[in-house]
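Participant: Given the coordinates of chain R, assemble chain L onto it according to the supplied hints.
There are 2 protein chains.
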Amino acid sequence: QTTSKKMLRHVVLFKFKDSATPAQVKEVEEAFKALPKKIKEIKGLEWGTNNSPEGLSQGFTHVFFVTFENEAGREVYLPHPDHKAFGKVLGPYLDKVLVVDYWTQE
Amino acid sequence: QTTSKKMLRHVVLFKFKDSATPAQVKEVEEAFKALPKKIKEIKGLEWGTNNSPEGLSQGFTHVFFVTFENEAGREVYLPHPDHKAFGKVLGPYLDKVLVVDYWTQE
Chain R
1 QTTSKKMLRH
11 VVLFKFKDSA
21 TPAQVKEVEE
31 AFKALPKKIK
41 EIKGLEWGTN
51 NSPEGLSQGF
61 THVFFVTFEN
71 EAGREVYLPH
81 PDHKAFGKVL
91 GPYLDKVLVV
101 DYWTQE
Chain L
1001 QTTSKKMLRH
1011 VVLFKFKDSA
1021 TPAQVKEVEE
1031 AFKALPKKIK
1041 EIKGLEWGTN
1051 NSPEGLSQGF
1061 THVFFVTFEN
1071 EAGREVYLPH
1081 PDHKAFGKVL
1091 GPYLDKVLVV
1101 DYWTQE
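Residue numbers (this note's numbering), protein chains in the order written: chain R, 1 to 106; chain L, 1001 to 1106.
A couple of the hints might just be wrong.
[Said to hold, decoys possible] Think about it this way: if two alpha-carbon atoms lie no more than 30 Å apart in a straight line, the pair counts; the simulated DSS-like pairs of lysine-lysine are:
1. Lys1084(L) <-> Lys15(R)
2. Lys5(R) <-> Lys1043(L)
3. Lys1043(L) <-> Lys17(R)
4. Lys17(R) <-> Lys88(R)
[Claimed, not checked] Anything over 10 Å on all C-beta distances counts as not near chain R; from chain L, calculated:
5. Phe1016
6. Ser1019
7. Glu1046
8. Leu1090
If you are wondering where the hints come from, they were derived from the structure by calculation, not from laboratory data.
Beta carbons: idealized from backbone N, C-alpha and C, even for Gly.
The following block holds chain R by itself, in its conformation from the complex (with noise of 0.2 Å):
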């Protein structure tokens, strides 16, 4: 999963409300998904579900782990229609979410 070019890693989780539908968490799910066809800037996606059985979750149960090349594609991301199309698709379920970035490191 490592490569020598450093890459810019966004990782995002997420917490529904306990109102939240299986099908309105699959629906943000396919949302999300659906972002590397409509951002170019999204070079890699990866996502789950937390199964870790450790209880440090703090009630997180989703990650999404984007890829940029670099803070001019993240640039474009943030606000880019269809990233905020999705939050509108988002928000209403949502509980919490955390955001962290990092540029990878061996």
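Facilitator: Just chain L, lined up with the frame of chain R:
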């Protein structure tokens, strides 16, 4: 960064105490980076420090992104003596930790 084979990701976020010095933080970074040499079940380690402009990091500054081949690898890692020894290095400087694990999906 993605492969056709599913891998188990282990995402660890740290926030250090305000009292932790740069040298102490570096000691923790080095101790984590040494783990793959000691625990063969760690199939990949990537790490970095938060540079997100979004202000959604909840104070977390460090990301360690560990890859296991499967849950059996994680089961060896979590109670491994070298992992426990790392926890002893980390403990005095740690304010909070968040852990989420997921199977890779694209």
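Participant: Indicate, hint by hint, whether the structure satisfies it.
Facilitator: Tested hints:
1. Lys1084(L) <-> Lys15(R): holds, 29 Å
2. Lys5(R) <-> Lys1043(L): holds, 19 Å
3. Lys1043(L) <-> Lys17(R): Violated - the C-alpha atoms of Lys17(R) and Lys1043(L) are around 34 Å apart, more than 30 Å.
4. Lys17(R) <-> Lys88(R): holds, 15 Å
5. Phe1016: holds, 14 Å
6. Ser1019: holds, 22 Å
7. Glu1046: violated, 5 Å
8. Leu1090: At about 13 Å from chain R, Leu1090(L) clears the 10 Å cut-off, so the statement holds.
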